Amino acid sequence: MKEHHKKESSMCEQKMASQEDAFYYFWLTFLNKIPIQKLQEGVRSFGSPKRLFEAREGELDWLTQVQRRQLLALQKDEHIPRLWEERLQKPYRFLSCKENGYPSGLLELNDMPFGIYYKGRLPSRNSPSVAVVGARNSTAYGAEFAYQIGKELGRHGIMVVSGLAVGIDAAAHRGCLDGGGYTFGILGCGIDRMYPKENHRLFLDMQERGGILTEYPPETKPLPYLFPRRNRLISAMADFILVVEAREKSGSLITTDFALEQGKDVGAVPGRPCDQLNMGCNRLIQQGAKCILSAEDVLEELEACTAWRKTIQNTEKINTDLGLAPKEKMVYSCLRLEPKFIDEILCQIELPVWEGIQILTELERKGVIKQNPHHYFYRVM
Amino acid sequence: MYSYVTSGTVFGIEGMLIQVETDVSDGLPALHLVGSLSGGIRESGERIRTAMRNSGFRLPPKRIVVNLSPADVRKDGSGYDLPIAVAILISMGFLSQEQVRETVFLGELCLDGTVMPVRGVLSVADHAKKSGFHTLVVAYDNRQEASLVSGLQVIGIRSLTELVTLLQEPDRLRSYVGADRVEHAAESMPEEHAPHDFRDLHGQPILRRAMEIAASGMHNLLMSGPPGAGKTLAAKCLTGILPPLSFEECMELTKIYSVRGMLPDGHRMITARPFRSPHHSASMAALIGGGLAPKPGEISLAHNGVLFLDELPEFSRTVIDALRQPLEDGSVTLSRLQATYRFPARIMLVGAMNPCPCGAYPDRNRCHCTLHQIQTYQNHVSRALLDRMDLHVTVRPPSFRDIKQNTVWEASDAIRERVVQSHRIQTLRYRDRGIRYNAQLPVDGIREFCQLGSDGEDFMQELYEQEAFSARGYHRVLKLARTIADMEASERISLSHLKEAVSYRLLDRRKESEG
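Protein sequence lines correspond, in order, to chains H and A.
The numbers in our numbering rise by one with no breaks, and the one at position 208 of the first sequence is 208.
The numbers in our numbering rise by one with no breaks, and the one at position 497 of the second sequence is 497.
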């Protein structure tokens, strides 16, 4: 009994201590000129982040001059304590790495962030997660594929993690939302910024069903060098990393490099060999990444690398009988998953132009085909 | 001695009569011109004095005052030289006031007494006829233009001396008019051909179809596609499938061109459908008209024809947005301190644009533009203008097979026959409404002439609730469907007509779904 008491009180103490420490972790996230690992060493040798916060100049000879100067300046900075005081009035929250709820995937990083800023909720520990990453300059086909994968994963209760960029990222997030799942985006800028602003709607929706996270303190601008670093968080938070449409020199490949370092499995969607847009993916497969052809493949991979087991069995199969009229069927059969220009379709179907256009409109209305951009039609998966 | 002569000027594109009053009295020798004159007319005193002397009429050393009335209208242009000279001649007693009572004079003088042509003669002639004058004296080169107004006796003169001789011998005048009477322009309207034919446009079924629909209802059209896909060629072919202008349309158009001084050689009538393609550096004044005394701009020069704006996003945004009101109203209204001017501008607007800065989108192997770049580029064309484009069509270069093949593609003449047919249906339907084509149909007309069946209504409701288009867009789809129905000579708009119409109007929705 006594022991139990003791344990409880020590837990309480720990909790108190961690809350007190939270401010100092908060402060640490602002030290962007010092690598996280070096800071961790510092915290370790000083004993606590509080001690580091109170450190005098003489004690900081392990830092370079620039780093030391920043640390000393931020010790006296009044802006950070003020932000801390006002933190509860802000639309975002801060969670230090010592508090409960900190994403378990990040704990395994040797340069884990001292804390994260987030909106919405944080990923739950129990459900598995998949990172879907890819080109911003995606094709309609790639975006549609990412969307369908995201939707299927969402339907199975799997979290989709990505970078909230336009193109593949946005399509995967959106797919997951539409599938009823929770999806998490990791930003390369401060939590109070909305970048890119094309995804405005997605930002809002994801705060409802999922969350937006970043390790960068508020007011951080979306600078190019911040994005590769945040990619390590994407891969760390996921159990499996899927690449859809990546050029040979693509940011998505940075994510896969991190994933391999972290010992995660990587999969890629293949493309035609000479297609520049899929060169990165094909290369990954050549080097041993899993070749992913459908959401089913991703689910199987997840079962192999996590304790998760698929429960819902009725995965939507591509419906071959769509209930189309004969002429509609004929037009539909001319279409592919890749967008096809209307002129080509009209040449193939050998119907009067006006009739062909009507049938295409009808098919789009039935939801079996889509067009993007205008007058380029493709089948919906 | 006091005398007066009637002259004319243009106000906007309409004619207006101006009284030229002259008084010769004793006093210090001078020639005073008064009556709200521009700098150009102020100078004309010396010109007139010299021209008269060189024609053999020496101005007496007296005080001559010339007044142009009404005095509150600012006078501009050079057409007053001739009437002022005639008025002075009357005051000097060379001619009698009686002889010029029912005559309007218009013309510029050279120093040697030659009479030069001026702008806007047709408008003045038309107005003079309506005001009850029966004779118009203009420069020889202006005579064809002026004689487009039937019932008006037009005398084209070469010099001041010739005029005086004619007026002094009325008998000669009668034979003069008879001999030189220009045959009525209506009979001599030559058939003009567009410089390009649809035969030259290989394949591209969707573009052809869209062009035909646009021509049939005079709808605005926006083409989007990579450079070299044939957008400009297609636009140039367009006038070739439009029906010929009616005589009234020609008159209206000729007035506009006359005011701008842009009539072809010999000041003949404009009989071909205009095709105007201003460069994208055009200013707002160039496009919609402007100036202290406003002159019609490109949009009015394209009246009853095609205004083609190539590289639409490259135009200045304010210039493009200034087109919005004229597109709705079919006319341009320019307000100045002294007056408000209205120029007709019933045009078919055809725009062409690249889908992205490099032009290759959506071919992602060649196009590396970011989504942001693409949207910024497309946003150069405001949503409001896009909304006024009835047909949006994507253009892609024809396949090599289509270029290579020896197929003879349908020529403009065949398409034109069909277009004429649907125009006939429309003019018949709208004969009491003061409009000619479906595109001009006002909202109350839409309710009357664009009735849908219940299936059509359900279809439109479904799309409208998906926010596929604005309320204006909704009306435009109905007008477009009306045209498609007319092309089949169908009385009512069926669901299939609507389905086709809708497929040309989805660019606005597309843009949103990209994000």
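The hints are simulated quantities; they were obtained by calculation from the structure and are not laboratory data.
Source: prediction; values computed, not measured.
All residues carry an ideal CB built from backbone N, CA and C; glycine is no exception.
Watch out, some of these pointers could steer you wrong.
[Stated by the list, open to error] Pair by pair, the computed Cβ-Cβ distance ranges are: (1) D61/H / H380/A: 35 to 43 Å; (2) L337/H / R199/A: 54 to 62 Å; (3) E465/A / P326/H: 42 to 50 Å; (4) D265/A / Q348/H: 18 to 26 Å; (5) H380/A / L337/H: 26 to 34 Å; (6) E465/A / L351/H: 40 to 48 Å; (7) E491/A / E350/H: 52 to 60 Å; (8) R199/A / L293/H: 45 to 53 Å; (9) L337/H / H368/A: 21 to 29 Å; (10) Y464/A / C291/H: 26 to 34 Å; (11) E350/H / Y464/A: 42 to 50 Å; (12) K38/H / E465/A: 54 to 62 Å; (13) E491/A / L351/H: 19 to 27 Å; (14) V443/A / D275/H: 33 to 41 Å.
[To be verified] Think about it this way: if two alpha-carbon atoms lie no more than 30 Å apart in a straight line, the pair counts; the simulated DSS-like pairs of lysine-lysine are: (15) K404/A / K340/H; (16) K197/H / K327/H; (17) K249/H / K264/H; (18) K310/H / K327/H; (19) K340/H / K130/A; (20) K264/H / K329/H.
[What the hints assert, rightly or not] Simulated coverage check for chain H against chain A, where a stretch passes if three residues somewhere in it have a Cβ under 8 Å from a Cβ of chain A: (21) 47 to 55; (22) 136 to 142; (23) 221 to 228; (24) 280 to 288; (25) 333 to 344.
For each hint, the structure was consulted:
Range check, D61/H to H380/A: about 57 Å between beta-carbon atoms, so the 35 to 43 Å window is missed. Distance hint check for L337/H and R199/A: the Cβ-Cβ separation is about 37 Å, which falls outside the suggested range of 54 to 62 Å. Restraint check, E465/A to P326/H: a C-beta distance of roughly 30 Å breaks the suggested window 42 to 50 Å. The supplied range of 18 to 26 Å is broken by D265/A and Q348/H, whose beta-carbon atoms lie about 51 Å from each other.
The hinted range of 26 to 34 Å is satisfied by H380/A and L337/H, whose Cβ atoms lie roughly 32 Å apart. Take E465/A and L351/H: their Cβ atoms lie about 30 Å apart, and the range 40 to 48 Å is violated. One distance hint, 52 to 60 Å for the beta-carbon pair E491/A and E350/H, is violated here, with the actual separation near 29 Å. Separated by about 48 Å at the C-beta atoms, R199/A and L293/H satisfy the suggested range of 45 to 53 Å.
The beta-carbon spacing between L337/H and H368/A, approximately 23 Å, falls within the hinted interval of 21 to 29 Å. Our hint of 26 to 34 Å for Y464/A and C291/H is violated, since their Cβ atoms are close to 44 Å apart. E350/H and Y464/A have their C-beta atoms about 34 Å apart, which leaves the hinted 42 to 50 Å range violated. Judged by the Cβ atoms, the range 54 to 62 Å given for K38/H and E465/A holds: they are separated by roughly 58 Å.
Evaluation of the 19 to 27 Å hint for E491/A and L351/H yields a pass: the beta carbon distance comes to about 24 Å. Taken as a hint, the range 33 to 41 Å is violated for the pair V443/A and D275/H, whose Cβ atoms sit roughly 50 Å apart. Pair hint K404/A plus K340/H holds up; C-alpha atoms about 22 Å apart against a cutoff of 30 Å. For the hint pairing K197/H with K327/H, the CA-to-CA distance comes to about 42 Å; that exceeds 30 Å, so the pair is violated.
The hinted pair formed by K249/H and K264/H meets the criterion: a straight-line CA distance of about 21 Å does not exceed 30 Å. At roughly 39 Å between alpha-carbon atoms, K310/H and K327/H are farther apart than 30 Å, so this suggested pair is violated. For the hint pairing K340/H with K130/A, the CA-to-CA distance comes to about 61 Å; that exceeds 30 Å, so the pair is violated. Annotation: proposed proximity of K264/H to K329/H is violated, straight-line Cα distance about 43 Å (limit 30 Å).
Figure legend: the segment 47 to 55 of chain H, annotated as covered by chain A; annotation inconsistent (0 residues with Cβ-Cβ distances under 8 Å, at least 3 required). Check on the segment 136 to 142 of chain H: 5 of its residues sit with their Cβ under 8 Å from a Cβ of chain A, so the three-residue criterion for coverage holds. Coverage of a stretch by a chain is defined here by at least three residues with a beta carbon nearer than 8 Å to that chain's beta carbons; for the segment 221 to 228 of chain H and chain A the count is 0, and the condition is violated. Under the rule that three or more residues need a Cβ within less than 8 Å of chain A, the assignment of the segment 280 to 288 of chain H is violated, with 0 such residues.
Interface restraint, the segment 333 to 344 of chain H with chain A: holds (5 residues with C-beta to C-beta distance below 8 Å; minimum three).
Hint compliance for this structure: hints 1, 2, 3, 4, 6, 7, 10, 11, 14, 16, 18, 19, 20, 21, 23 and 24 are not met, and every other hint is.
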